[in-house]
Amino acid sequence: MDARVDQKAVLVARSQLSPRCFALDLVCPRPLPAQPGQFVMVGVSATSDPLLRRPFSVAGVMPTENGAQFQLLVKEVGKVTAMLRHLPLGSEVGVLGPLGRGFSLDSCGPHPVLVAGGIGLPPVLFAARQLQKQGVSFDLFYGAASEPELLLRSEIQKVVSGDAVFCTDDGSFGESVFVTDLLRKRWKSRYSHLLACGPNPMLHAVARLAREKGVAAELSLEEPMACGVGVCLGCVVKLADGTYAPSCQKGPVFRASELAEGW
Amino acid sequence: MDARVDQKAVLVARSQLSPRCFALDLVCPRPLPAQPGQFVMVGVSATSDPLLRRPFSVAGVMPTENGAQFQLLVKEVGKVTAMLRHLPLGSEVGVLGPLGRGFSLDSCGPHPVLVAGGIGLPPVLFAARQLQKQGVSFDLFYGAASEPELLLRSEIQKVVSGDAVFCTDDGSFGESVFVTDLLRKRWKSRYSHLLACGPNPMLHAVARLAREKGVAAELSLEEPMACGVGVCLGCVVKLADGTYAPSCQKGPVFRASELAEGW
Amino acid sequence: MVRLATEVGSLQLKNPILAASGTFGYGLDLLDFCPPEALGAVVTKGLSPKPRAGNPTPRIVETPAGMINSIGLQNIGVEAFCTDVLPTLRQRKACVVVNVFGETEEEYATVIERLQREEGIAAYELNVSCPNVHKGGMEFGHDPKLLRSLVAALRPLTQRPLWVKLSPNAPSPLAVAEAAVTAGADALTLVNTFRALSVNARTRRPSIATGFGGLSGPAIKPLALRLVWEVHRAIPQAPLVGIGGIMSGTDAVEFLLAGASAVQVGTATFRNPNACLTVLAELEAFCQQEGVEDVRELVGGLVWP
Amino acid sequence: MVRLATEVGSLQLKNPILAASGTFGYGLDLLDFCPPEALGAVVTKGLSPKPRAGNPTPRIVETPAGMINSIGLQNIGVEAFCTDVLPTLRQRKACVVVNVFGETEEEYATVIERLQREEGIAAYELNVSCPNVHKGGMEFGHDPKLLRSLVAALRPLTQRPLWVKLSPNAPSPLAVAEAAVTAGADALTLVNTFRALSVNARTRRPSIATGFGGLSGPAIKPLALRLVWEVHRAIPQAPLVGIGGIMSGTDAVEFLLAGASAVQVGTATFRNPNACLTVLAELEAFCQQEGVEDVRELVGGLVWP
Ligand SMILES: Cc1cc2nc3c(=O)[nH]c(=O)nc-3n(C[C@H](O)[C@H](O)[C@H](O)COP(=O)(O)OP(=O)(O)OC[C@H]3O[C@@H](n4cnc5c(N)ncnc54)[C@H](O)[C@@H]3O)c2cc1C
Ligand SMILES: Cc1cc2nc3c(=O)[nH]c(=O)nc-3n(C[C@H](O)[C@H](O)[C@H](O)COP(=O)(O)OP(=O)(O)OC[C@H]3O[C@@H](n4cnc5c(N)ncnc54)[C@H](O)[C@@H]3O)c2cc1C
Ligand SMILES: Cc1cc2nc3c(=O)[nH]c(=O)nc-3n(C[C@H](O)[C@H](O)[C@H](O)COP(=O)(O)O)c2cc1C
Ligand SMILES: Cc1cc2nc3c(=O)[nH]c(=O)nc-3n(C[C@H](O)[C@H](O)[C@H](O)COP(=O)(O)O)c2cc1C
Ligand code: FES
Ligand code: FES
Numbered sequence: 001m002d003a004r005v006d007q008k009a010v011l012v013a014r015s016q017l018s019p020r021c022f023a024l025d026l027v028c029p030r031p032l033p034a035q036p037g038q039f040v041m042v043g044v045s046a047t048s049d050p051l052l053r054r055p056f057s058v059a060g061v062m063p064t065e066n067g068a069q070f071q072l073l074v075k076e077v078g079k080v081t082a083m084l085r086h087l088p089l090g091s092e093v094g095v096l097g098p099l100g101r102g103f104s105l106d107s108c109g110p111h112p113v114l115v116a117g118g119i120g121l122p123p124v125l126f127a128a129r130q131l132q133k134q135g136v137s138f139d140l141f142y143g144a145a146s147e148p149e150l151l152l153r154s155e156i157q158k159v160v161s162g163d164a165v166f167c168t169d170d171g172s173f174g175e176s177v178f179v180t181d182l183l184r185k186r187w188k189s190r191y192s193h194l195l196a197c198g199p200n201p202m203l204h205a206v207a208r209l210a211r212e213k214g215v216a217a218e219l220s221l222e223e224p225m226a227c228g229v230g231v232c233l234g235c236v237v238k239l240a241d242g243t244y245a246p247s248c249q250k251g252p253v254f255r256a257s258e259l260a261e262g263w
Numbered sequence: 001m002d003a004r005v006d007q008k009a010v011l012v013a014r015s016q017l018s019p020r021c022f023a024l025d026l027v028c029p030r031p032l033p034a035q036p037g038q039f040v041m042v043g044v045s046a047t048s049d050p051l052l053r054r055p056f057s058v059a060g061v062m063p064t065e066n067g068a069q070f071q072l073l074v075k076e077v078g079k080v081t082a083m084l085r086h087l088p089l090g091s092e093v094g095v096l097g098p099l100g101r102g103f104s105l106d107s108c109g110p111h112p113v114l115v116a117g118g119i120g121l122p123p124v125l126f127a128a129r130q131l132q133k134q135g136v137s138f139d140l141f142y143g144a145a146s147e148p149e150l151l152l153r154s155e156i157q158k159v160v161s162g163d164a165v166f167c168t169d170d171g172s173f174g175e176s177v178f179v180t181d182l183l184r185k186r187w188k189s190r191y192s193h194l195l196a197c198g199p200n201p202m203l204h205a206v207a208r209l210a211r212e213k214g215v216a217a218e219l220s221l222e223e224p225m226a227c228g229v230g231v232c233l234g235c236v237v238k239l240a241d242g243t244y245a246p247s248c249q250k251g252p253v254f255r256a257s258e259l260a261e262g263w
Numbered sequence: 001m002v003r004l005a006t007e008v009g010s011l012q013l014k015n016p017i018l019a020a021s022g023t024f025g026y027g028l029d030l031l032d033f034c035p036p037e038a039l040g041a042v043v044t045k046g047l048s049p050k051p052r053a054g055n056p057t058p059r060i061v062e063t064p065a066g067m068i069n070s071i072g073l074q075n076i077g078v079e080a081f082c083t084d085v086l087p088t089l090r091q092r093k094a095c096v097v098v099n100v101f102g103e104t105e106e107e108y109a110t111v112i113e114r115l116q117r118e119e120g121i122a123a124y125e126l127n128v129s130c131p132n133v134h135k136g137g138m139e140f141g142h143d144p145k146l147l148r149s150l151v152a153a154l155r156p157l158t159q160r161p162l163w164v165k166l167s168p169n170a171p172s173p174l175a176v177a178e179a180a181v182t183a184g185a186d187a188l189t190l191v192n193t194f195r196a197l198s199v200n201a202r203t204r205r206p207s208i209a210t211g212f213g214g215l216s217g218p219a220i221k222p223l224a225l226r227l228v229w230e231v232h233r234a235i236p237q238a239p240l241v242g243i244g245g246i247m248s249g250t251d252a253v254e255f256l257l258a259g260a261s262a263v264q265v266g267t268a269t270f271r272n273p274n275a276c277l278t279v280l281a282e283l284e285a286f287c288q289q290e291g292v293e294d295v296r297e298l299v300g301g302l303v304w305p
Numbered sequence: 001m002v003r004l005a006t007e008v009g010s011l012q013l014k015n016p017i018l019a020a021s022g023t024f025g026y027g028l029d030l031l032d033f034c035p036p037e038a039l040g041a042v043v044t045k046g047l048s049p050k051p052r053a054g055n056p057t058p059r060i061v062e063t064p065a066g067m068i069n070s071i072g073l074q075n076i077g078v079e080a081f082c083t084d085v086l087p088t089l090r091q092r093k094a095c096v097v098v099n100v101f102g103e104t105e106e107e108y109a110t111v112i113e114r115l116q117r118e119e120g121i122a123a124y125e126l127n128v129s130c131p132n133v134h135k136g137g138m139e140f141g142h143d144p145k146l147l148r149s150l151v152a153a154l155r156p157l158t159q160r161p162l163w164v165k166l167s168p169n170a171p172s173p174l175a176v177a178e179a180a181v182t183a184g185a186d187a188l189t190l191v192n193t194f195r196a197l198s199v200n201a202r203t204r205r206p207s208i209a210t211g212f213g214g215l216s217g218p219a220i221k222p223l224a225l226r227l228v229w230e231v232h233r234a235i236p237q238a239p240l241v242g243i244g245g246i247m248s249g250t251d252a253v254e255f256l257l258a259g260a261s262a263v264q265v266g267t268a269t270f271r272n273p274n275a276c277l278t279v280l281a282e283l284e285a286f287c288q289q290e291g292v293e294d295v296r297e298l299v300g301g302l303v304w305p
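Chains as they are written, first to last, in my numbering: chain Y, 1 to 263; chain S, 1 to 263; chain C, 1 to 305; chain E, 1 to 305.
Hints were generated in silico from the structure; no laboratory data involved. Computed from a predicted model, the values in this text were never measured in an experiment. Each hint should be verified, as a subset may be incorrect.
Stated by the list, open to error - Keeping only pairs whose Cα atoms sit at most 20 Å apart, straight-line, the calculated EDC-like set for lysine to aspartate or glutamate is:
| id | chain 1 | residue 1 | chain 2 | residue 2 |
| --- | --- | --- | --- | --- |
| 1 | Y | Lys8 | E | Asp32 |
| 2 | S | Lys75 | S | Glu222 |
| 3 | S | Lys79 | Y | Glu92 |
| 4 | Y | Lys79 | C | Glu282 |
| 5 | Y | Lys79 | S | Glu92 |
| 6 | C | Lys14 | C | Glu297 |
| 7 | S | Lys133 | S | Asp163 |
| 8 | S | Lys250 | C | Asp32 |
| 9 | C | Lys50 | S | Asp241 |
| 10 | S | Lys75 | S | Glu155 |
| 11 | Y | Lys250 | E | Asp32 |
| 12 | C | Lys145 | C | Glu103 |
| 13 | E | Lys50 | Y | Asp241 |
| 14 | E | Lys14 | E | Glu37 |
| 15 | C | Lys50 | C | Glu79 |
| 16 | Y | Lys188 | Y | Glu212 |
| 17 | S | Lys79 | E | Glu282 |
| 18 | E | Lys93 | E | Glu37 |
| 19 | Y | Lys250 | E | Asp84 |
| 20 | S | Lys250 | C | Asp84 |
Please construct the entire structure, taking both the sequences and the accompanying hints into account.
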C-alpha cells in the first residue's frame, strides 16, 4: 500500500497492435513496483470531462535509474482510451499506482496455465514475463474475436516456455473455438494453477473448469472504477460470504473460490 | 455571412511574445476571407469541458492555394487560452469564421489613428497591416500594463507609416500614462477617424475623446460569447436606442455613436 | 434504410431531431449550416406580444460541461415574427413550432391569437419555465393550478397542438406535468434550464448580471433524462419531447428510450452550428448499426431493472 | 499569513476544508496522500446500526463532468467503526464528523447512542438525503414534518453538534432546511447528490443496477451553489457546510462567499487522492493573493445584484 504513488508519466512510444488496440510505453520519475495483476489509474485530462481516471493493468515494467518504464496495452472503447490513442508522444499523463492485489505467482506450483481473452491480455502477459524470469514452465491460452485482435503473438511465443495456444471466435487464426473450450480439450493433468483475465463470461467458464479439475484459479476482474483506492465502493464484487469487496483493493485478482456464485 | 465556414485548422507555429501572451499561426484548408475586426470562434476540445468555443480576433491572414494561413494573438487568462498555449504543433482546432462586422477601413479618411490597449492589439494590428497595404497613412497608439506586455513592437514600427507611440501603465517603456491620455495630449487635427480595441474603460475614454474632437470612432468590443453567430443573444451590447444587439453579429466593431451611454 | 419519421401526438415529423427554443434564433440564422427544413422541426425563440429587450449583461457564463444563461426572453415580438420571418420559413417548408411566452394568461392568448391568423405553424410550445424573467413563465410552470388554468384558457383558441415546456425547478414536476395534460396539452417538452448560480471569486459577484440563471448543456443530461423517464412512467400516454444536454446521436437515443417521441438540441448548436444535423446523422447511423428499422421502436424502450 | 481556522456553529475547525462522506472511507484509507488530521474534519462514510451490504453492481457511471453512484450505503456498521477505526483517528487527533444513517428514527438513535460512548467525535451529520436506498434517508430529507420529528427526537441524545445533510431533490429544500434548524440542528450540509439517470443506448438499460442514482461532481456545482445561497439568504443565522463539485481552491471560495462556513470535497478525491489538500493549498494561495487575512471574511460575502 505504501508503494503506491501519484506521479506524472511521459508517453515515450506507442505502437498500433490491431485496428483498435495499441501499446503505450511510459516513463515515470519515481519507482512503480508493480506485480503482475496490479494496475494503475491513468488520468489524461486537465478539465472535468473526462472526470475520472481509468484503470489499466500493467503489462510490464522495468526499473530505470530512479523511476520506471512501463507498458500498457489498451483497447479503444470510449472517451479516455480514444484520447490515449491520439495523445502526442512526450505528453504527460497522471499515473497512480501500483494498485490492488496481483496474481500470487509464488504459489502457483510447478506448471500453471495462463488464460487470456481479448484485451484481458495485459496482466496475463505480465505474469508470463515474470514466470519466464522465475524459470517456471507454463502454458498460455489466448483467444480473441479474430486474428488481428490476437496481439503480440510472436512476443508471446518467445515468452512462453511451454505451449502457447491461440484461437479465435471466427477461426481466422487457430481453431475456431472459445478459449475456455479449447483449454478444456487440451487440459493437462500437470496444470497446477490457473491464472486468467478476460471478459466475464470467459472468467465464469474458467472458474467452472478449475472447479471441475480441482485446481485453484485466480481471476483478474474488470469492474468500473471511480477512485481505484478503496474509498468509493463503486467497484465491488460479490464474495462467497455475500459481502461486497472493492475490487480495486481486495482485487482485481481474486481466487475463484472467494467469489460468490456467478459473482 | 455566406463566407463563414466551420473548418479544422492546423497549428503550424507558436511564439511566446510575453509571459502570458503568444502568437499562433494556423493553416486551414478553405478560405478565411477575414477583414480587420472580424473574429473566429475557436474550439479546442473533443469533450464537453470546455464546452464552448472562444472568440479571437484575426490578427492577420494570407490566402494559400485553396485555403488560408492566419494569425491569432492570445493572452492566457483561463481554460481554453491555457490549452492553446500548450497545444502541440500539428494539432487541429475547430475554426468557425470569419464572423461579425469589422472596421470600415474604406471610409476612414486621409489619416486615421489606431488605438490598442493590452490584448486589444490583434484587430488593431490587422487593421494597421491592411491600411499599410492600401497606402493609407496613419498613427498608432499602443498601451499596455508594462514593457513585456507591449507585443510585437518592432513589427508594429515597420507596419505603421506615421507615428507608432507606445506607453505603459508603469512606465517601464515609453511614457507612464494611459494610452487614451497620451492620445489626447498628442492629438493631431488631421486625424480623420479613430479605430480602437482594448479594455472597456479604455474604450469609454476613447469614445469620449472622439466625441470631443468630433471624429467618428469605431470600437471593437469584447463580450463573452457562446455561439458567435447571433443565435444565443448572450453577447449583446446596449445600443443608443435602448435595444440590445448581439455583438457577434452587429459587432464586434461598433461606431461609438451607435452605443448607449456607458453601454 | 432507417425510417426516421415520427410523431409527437398527432403531429407528424420527418425526423425526431428539433432545434430548441432560444438556441436557433427564429430558424433562419444558420441557413448555411443547418437549414430548418432538414429538421423534424425548429422551435423559435420565445415570442411575446411586444418585443422584449431582455436582461442586462453579462448574460452567460460557462460552467463545467454546461453554461448558465439569463437572456430574459429578448425577442422581436410576435408581429415582427409574422411579418419578417414566418413567410421565409413557410416558403422553405420548415416545420415551425412557436415557443410562446407571456407575463399573464392574456399575453399568452394574444400571441396565440395573432399566430392563428398565419399558415405554416405546426404547434405551439408554451414556455412556462423560463427561470430568467420575474413575471410569468416560472410561476405558471411551478404551480399545477395556475398551469391548469392557463392551458385550459388557451386550449379553445387553437386546434393546433399545444406543447407545454416544463420547468425542472418545480417543487413537483410530476404534478405540473399531470396538470398540463389534464387541461388539454398535446405534449410536454422536458426540460427547460435548471436554476443555477455561478460566482466570480475575485469580484465576489455572480458571474451574470441577474444573479441566478438557467443551467443547460451536457452537465444536466442525467437530470433531464431522469425527469423524462419519471414523467413517462407516470403518464405513459403523454407524448414527450426530450431535451437537456443532447450533443450526440447516442444522447438522442437515450432520451427516446426514456420515453421521448422526439428530442430537441439546444446548447450543442452554440458549440457547433450544425449540431442538429450531426445528431441526426449519428442517430441514423446508430439505428443502422443496431438494426433499428424504425426510430419509433426506440421510444420508451428503456428496460427498467 | 492567512488565518484558515473557522467554525461551524460552535465547532472550531483548523481549516474550512472537509473530506465528504462516502468519498474518503472512514478516514484512514488515504493516509499516504491525505492524512485526516491535516483537514478541517473528515466526514465518515454513512454508518448504520448494523453493517450494510449495499446495492448490486454496476454502481457507478461517469457522466459529463460528473458521476452517478448508487452505492446503497454499504458500510461496516457503527460497532466495527468504534472498535477498528475510531481509536486510530483519535490517536491521530483527527477531527471526526460521523455521517449517520438509519432506515427509521430508532436506527438513527441507535447509531448516535453507540457513538455517544466514544470520545473523539466532533459532530454528527445526519444523512437524510441518500437517493440510493429505499427506506429511510430520502423520506426524512423530503418531508419537513418527518425531518422535524427526527431531529427533535435525536437532539436530546447528544450535546455534540448535529448537522443535517440536505437533499437537493426535496420538493422544497428551503422548507426542509427550516424544519431542521427549528428542530435544533446546529448546521446544514448542502448538498447531497441529485437523483439522476444514465442510459446505455445499446443495452437499453440504465447504466447502473438500481436505475436511478445520485449525480455528483463539477456538473452540479452551479446547482449546489445556488442552493447554498438560497438557504443562506433565507436563514442567514444557520451555519452551512457547502458541498457539490468542489475541485479547486476557487470553487471552495465560491461556496464560502455563498454563505458556507466550511466546505466538503467529495468526488474530487476520486480523481486525485490528495484533492482535499490541493483545495486547501489553493484556498490559502487565493487568500494570500487577494489580501484575505482571515478566511472567515469570505463567508457570505457574495454581493447580490
Ligand atoms: C483493473 C482493471 C484493469 C484494466 N486493464 C485494462 C487494460 O490493460 N487494457 C485495456 O484496454 N483496458 C483495461 N481495463 C478496462 C479499461 O479500464 C476501460 O476500457 C476504460 O476504463 C474505458 O475508458 P473509456 O473512457 O475509453 O471508455 P468510457 O467512455 O468510459 O466507456 C466506454 C464503454 O466502455 C465501458 N466500460 C467503461 N469502463 C469499463 C470497465 N472498467 N470495464 C469494462 N467496460 C467498461 C462503458 O460501459 C462503455 O460502454 C481495465 C479495467 C480494470 C478495472
Ligand atoms: C470578439 C472578441 C475577440 C477577441 N479577441 C481576442 C484576441 O485576439 N486575443 C485574446 O487573447 N483574447 C481575445 N478575446 C478574449 C477571449 O475570447 C477570452 O480571453 C477567452 O474567451 C478566454 O477563454 P478561457 O477559456 O481562456 O478563459 P475562461 O476560463 O473562460 O475565463 C477566464 C477569465 O476570463 C474572463 N473572460 C471570459 N471570456 C471573456 C471575454 N470574452 N472577454 C473578457 N473576459 C473574458 C472570465 O470572466 C474569467 O475571469 C476576444 C473576445 C471577443 C469577444
Ligand atoms: C441561451 C439560451 C436561451 C434560451 N431561450 C429559451 C426560450 O426563449 N424559450 C424556451 O422555452 N427555452 C429557452 N432555452 C432553453 C432551451 O430551449 C433548453 O430547454 C435548455 O437549454 C436545455 O437544453 P440544452 O441542454 O440542449 O441546451 C434557452 C436556453 C439557452 C441556453
Ligand atoms: C460514491 C459516493 C458515495 C457517497 N456516500 C455518501 C454517504 O455515505 N453519506 C452521505 O451523506 N453522502 C454520501 N455521498 C455524497 C457526497 O458526500 C456529496 O454530498 C456529493 O458527492 C456531492 O459532492 P461532490 O460533488 O464533491 O462529490 C456519496 C457520494 C459519492 C459520489
Ligand atoms: S474504485 Fe473506488 S473503491 Fe474501488
Ligand atoms: S455569441 Fe451568441 S448571439 Fe452573439
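Hint-by-hint comparison with the structure:
1. Y/Lys8 x E/Asp32: Since the Cα atoms of Y/Lys8 and E/Asp32 sit roughly 17 Å apart, the hinted pair holds (cutoff 20 Å).
2. S/Lys75 x S/Glu222: holds (14 Å)
3. S/Lys79 x Y/Glu92: At roughly 18 Å apart (the allowed maximum being 20 Å), Y/Glu92 and S/Lys79 satisfy the hint.
4. Y/Lys79 x C/Glu282: Cα-Cα ~17 Å, so holds.
5. Y/Lys79 x S/Glu92: This hinted pair holds, its Cα atoms lying about 18 Å apart.
6. C/Lys14 x C/Glu297: Distance ~15 Å between C/Lys14 and C/Glu297 Cα, so the pair holds.
7. S/Lys133 x S/Asp163: Since the Cα atoms of S/Lys133 and S/Asp163 sit roughly 16 Å apart, the hinted pair holds (cutoff 20 Å).
8. S/Lys250 x C/Asp32: holds (18 Å)
9. C/Lys50 x S/Asp241: Judged against 20 Å, a Cα distance of about 16 Å means the pair holds.
10. S/Lys75 x S/Glu155: Given that 20 Å is the threshold and the Cα spacing comes to 18 Å, the pair holds.
11. Y/Lys250 x E/Asp32: Holds - the C-alpha atoms of E/Asp32 and Y/Lys250 are around 18 Å apart, at most 20 Å.
12. C/Lys145 x C/Glu103: Answer holds: C/Lys145 to C/Glu103 is near 16 Å, not above 20 Å.
13. E/Lys50 x Y/Asp241: holds (16 Å)
14. E/Lys14 x E/Glu37: holds (9 Å)
15. C/Lys50 x C/Glu79: Holds. C/Lys50 to C/Glu79 sits at ~8 Å (cutoff 20 Å).
16. Y/Lys188 x Y/Glu212: OK: Y/Lys188 and Y/Glu212 at ~13 Å, within 20 Å.
17. S/Lys79 x E/Glu282: holds (17 Å)
18. E/Lys93 x E/Glu37: At roughly 6 Å apart (the allowed maximum being 20 Å), E/Glu37 and E/Lys93 satisfy the hint.
19. Y/Lys250 x E/Asp84: holds (18 Å)
20. S/Lys250 x C/Asp84: Holds: S/Lys250 and C/Asp84 sit about 18 Å apart, inside 20 Å.
In this structure, none of the earlier numbered hints is contradicted; all agree with it.
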